[in-house]
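One letter stands for each residue in the lines below.
2 protein chains.
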Amino acid sequence: MNFAELWAELLPVGRDEHTGGYRRYSWTEPDAACRAWFARTAARLGLRTDCDGNGNLWAWWDTPGNGAESALVTGSHLDSVPDGGAFDGPLGIVSAFAAIAQLRNEGFRPARPIGVAAFTEEEGARFGVACLGSRLLAGLVDPAGARDLRDQDGISLDMAMRAAGRDPALIGQDEKLLAGIGEYVELHIEQGSVLDGLGAAVGVADGIWPHGRWRLDFTGRADHAGTTRLPDRRDPMLPFAATALAARQAATDLGALATFGKVIAEPGAANAISSSVHCWLDARAPDSKVLDLVIAAVSDVAAEAAGMHGVGFELRQESFTPAVSFDPALRDRIAVVLAAAGQRAPVLPTGAGHDAGVLAARIPTAMLFVRNPTGVSHSPAEHAEPADCKAGVTALTAVLADLAGQ
Amino acid sequence: MNFAELWAELLPVGRDEHTGGYRRYSWTEPDAACRAWFARTAARLGLRTDCDGNGNLWAWWDTPGNGAESALVTGSHLDSVPDGGAFDGPLGIVSAFAAIAQLRNEGFRPARPIGVAAFTEEEGARFGVACLGSRLLAGLVDPAGARDLRDQDGISLDMAMRAAGRDPALIGQDEKLLAGIGEYVELHIEQGSVLDGLGAAVGVADGIWPHGRWRLDFTGRADHAGTTRLPDRRDPMLPFAATALAARQAATDLGALATFGKVIAEPGAANAISSSVHCWLDARAPDSKVLDLVIAAVSDVAAEAAGMHGVGFELRQESFTPAVSFDPALRDRIAVVLAAAGQRAPVLPTGAGHDAGVLAARIPTAMLFVRNPTGVSHSPAEHAEPADCKAGVTALTAVLADLAGQ
Chain A
1 MNFAELWAEL LPVGRDEHTG GYRRYSWTEP DAACRAWFAR TAARLGLRTD
51 CDGNGNLWAW WDTPGNGAES ALVTGSHLDS VPDGGAFDGP LGIVSAFAAI
101 AQLRNEGFRP ARPIGVAAFT EEEGARFGVA CLGSRLLAGL VDPAGARDLR
151 DQDGISLDMA MRAAGRDPAL IGQDEKLLAG IGEYVELHIE QGSVLDGLGA
201 AVGVADGIWP HGRWRLDFTG RADHAGTTRL PDRRDPMLPF AATALAARQA
251 ATDLGALATF GKVIAEPGAA NAISSSVHCW LDARAPDSKV LDLVIAAVSD
301 VAAEAAGMHG VGFELRQESF TPAVSFDPAL RDRIAVVLAA AGQRAPVLPT
351 GAGHDAGVLA ARIPTAMLFV RNPTGVSHSP AEHAEPADCK AGVTALTAVL
401 ADLAGQ
Chain B
407 MNFAELWAEL LPVGRDEHTG GYRRYSWTEP DAACRAWFAR TAARLGLRTD
457 CDGNGNLWAW WDTPGNGAES ALVTGSHLDS VPDGGAFDGP LGIVSAFAAI
507 AQLRNEGFRP ARPIGVAAFT EEEGARFGVA CLGSRLLAGL VDPAGARDLR
557 DQDGISLDMA MRAAGRDPAL IGQDEKLLAG IGEYVELHIE QGSVLDGLGA
607 AVGVADGIWP HGRWRLDFTG RADHAGTTRL PDRRDPMLPF AATALAARQA
657 ATDLGALATF GKVIAEPGAA NAISSSVHCW LDARAPDSKV LDLVIAAVSD
707 VAAEAAGMHG VGFELRQESF TPAVSFDPAL RDRIAVVLAA AGQRAPVLPT
757 GAGHDAGVLA ARIPTAMLFV RNPTGVSHSP AEHAEPADCK AGVTALTAVL
807 ADLAGQ
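Line order of the protein sequences matches chains A and B.
No gaps in the numbering here: position 384 of the first sequence is 384 in the working numbering, and each next residue is one more.
No gaps in the numbering here: position 169 of the second sequence is 575 in the working numbering, and each next residue is one more.
One chain only, chain A, in its complex shape (with noise of 0.2 Å):
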């Protein structure tokens, strides 16, 4: 069982066939696919398999201990964005387990458990919350106010949990889960082409920047497009434009990222005024008062136009991560371990958050990142070389019989 073979069987799983991205939604029924995936590959690598209150899956290659030794966990996600690509989050998975499939070929008998994880809901692309699942494991969102996040057609996390046939009543912090990890390493395709300019296959992760959603939105009135004179009308579209310029100008002035990616207009007729107009922004900056300023400088001009055009405007933070440096004892074994085995791993900074920089709060956690020639993200075009994938098999099973070696 290598590496080629277990992406094969995953890749056709949640694809769309017009588009060729994947629909990986939490609790759909391509998320109960990649699931069943996971129980089946688990089983045929002789790994237990738990699910635990917050939906996130484990896989655990336990030792004849005493339990008293900290488990060595790897892994990352199985859910995508809208339209996403295959590597985003299913290389670590896949990664992990022709890992561990590698370290058993080669008879190696690990001196503590070594677990493999599927975060639940990280890109967040279902119910708005990236990281949703290492989120709640780690007590950083109130378990009540996370049943009752909806989806786009008002299901909330407790509905689509109870449909696939979960308590919703046991999600929330973990702690005795989390008191028996003791390192989370997070193999996961790059999201930018830094490696490609170092041409280095394999590098590893030094921190991540703030970054947050947040929530714009726009009331106005609908009306008839044809019968409204400008001067009558409360039109939320136009606050909103106005909001989606000053962003961009407010990332460049302060050397951060501002994006608006989703857009909700409704009631969304071509031929009437918009009653309302729902946006979301993300935002990312190399330190949280940069950040600050860019919220600030957008929620100005979203509120001035808004007034200016007799539309309800507010901002409402949906998420935020702050700066995440990883452990940098991990970091620097990590390195020795990969110039050891012969590869040259670079150490870059990220602006993309992951179930890692959520876990780095509680434990000792790093992240390696396998090179993605063109950049590319959240696209069917994400792409990472076979070899180059190879590459990151190899050093991710090279940390793990280091970290977990006797």
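Any given hint could be a false lead.
Stated by the list, open to error - Derived coverage of chain A by chain B (criterion: at least 3 residues anywhere in the stretch with Cβ under 8 Å from a Cβ of chain B; other residues may be distant): (1) 72-78; (2) 351-359; (3) 395-406.
As the list claims (entries may be wrong) - Derived contacts from chain A toward chain B, CB cut-off under 10 Å, selection only: (4) 83; (5) 192; (6) 226; (7) 251; (8) 258; (9) 267; (10) 268; (11) 270; (12) 272; (13) 282.
Hint data in this document are derived by calculation from the structure and do not stem from the laboratory.
All of these numbers come straight from a predicted model, not from anything done at the bench.
Here a beta-carbon is modelled for each residue, glycine too, at the ideal position from N, C-alpha and C.
Position chain B against the provided structure of chain A, taking the given hints into account.
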């Protein structure tokens, strides 16, 4: 069978329980329910019903003559914009049936056939072309192109009609049906508040501004919102935003109307740069030269902004209706009839398109408007007072009696 009873029967059909608005899209379940209501009502009035090849419904009060008399037709449409109001369209049809019921009660014997028409897809809410049913009937739309029009889910008109049990091969110009119609008089709720300002319950239409719908497609590249440097982005949301603001500016400068009420960002994830943004411009102006200037101004800004962001841009006209002047002789005759009946009915222009505007190219047409106290239209808040609806029925009854009298 009076107006209030007929109105109450149709009111719940296709109403969304959350928004209170209507979603009566052509060839859907609610549309079928509206059609069944039309057939039932016509049957109770002793009218013969028919569905033409384009899916427009007809109810005929036939006369025992030799068939040489041209018919007098009244009517409107039953379909709605997304979350539209109860009055836009249905008011004209319910009023037509109520007027015929009253004429029957009074023992009126028409000298020529009277028809009630319900035109399909007037709003263009499903297939994007407003007044599609009347345009097809009048030979103003290519049938092959119309069959291939797609709704938001990729369903073609061809597929939708087949699913509803209609033969799409039959759509297109119907010269025989048109030749049999002498005049068309449409009653409609006003989609502004001019009548309210004048203190009149009913008005007569002067003409319709030239107007149309344009689809703009901005094609960028999906990328991760957290890792793609600003200069590397090809984000189609930004030229869309610049274009939405430019459209309003052009309309203000030129004394026209321009609206973006529908926008679709794909893939639509909060943490992904959009691969494409599709949006629809509704534009109307007092004359076609001004309208051309508005479209040119919007197109110039869109092309320039798209170029700045490395984004592809295409603009395509989806529908266009030239300026309409309703038949002056018919308008004047109606004014005389209403004055004789003691109803003050001022003459007013409108920016809204109607099937009457389409048919005006082929047959003498006229329109009656019923007061809309707030002017709100294409919204669940659209409203007309019962007394004004009754005044509308009285006016339409007088007009039918005059035009189809012995």
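Hint check results:
Coverage of the stretch 72-78 of chain A by chain B is violated in this model, with 0 residues showing a Cβ closer than 8 Å to a Cβ of that chain against a need of three. Counting residues of the stretch 351-359 of chain A whose beta carbon lies closer than 8 Å to any beta carbon of chain B gives 3, which reaches the threshold of three, so the coverage claim holds. Only residues whose beta carbon comes within less than 8 Å of a beta carbon in chain B count, and the stretch 395-406 of chain A has 0; fewer than three means the coverage is violated. Restraint check, residue 83 of chain A versus chain B: the minimum CB separation of about 4 Å is within 10 Å; hint holds.
Here the hint on residue 192 of chain A is kept, as its CB sits about 4 Å from the closest CB of chain B, short of 10 Å. With a least beta-carbon distance of about 4 Å to chain B, the hint placing residue 226 of chain A at the interface is held under the 10 Å criterion. Using the Cβ-Cβ criterion of 10 Å, the hint placing residue 251 of chain A at the interface with chain B is satisfied: the shortest such distance is roughly 6 Å. Because the closest C-beta pair between residue 258 of chain A and chain B is about 8 Å apart, less than 10 Å, the hint holds.
The criterion of a C-beta within 10 Å of any C-beta in chain B is met by residue 267 of chain A, whose closest approach is roughly 4 Å, and the hint holds. At a threshold of 10 Å, the smallest CB-CB gap from residue 268 of chain A to chain B is about 5 Å, leaving the interface hint in force. Of the supplied interface hints, the one on residue 270 of chain A holds, with its beta-carbon coming within about 4 Å of a beta-carbon of chain B, less than 10 Å. Interface hint status for residue 272 of chain A: upheld, as the beta-carbon distance to the closest one in chain B is roughly 4 Å, under 10 Å.
Taking 10 Å as the C-beta contact cut-off toward chain B, the hint placing residue 282 of chain A at the interface holds, the least distance being around 4 Å.
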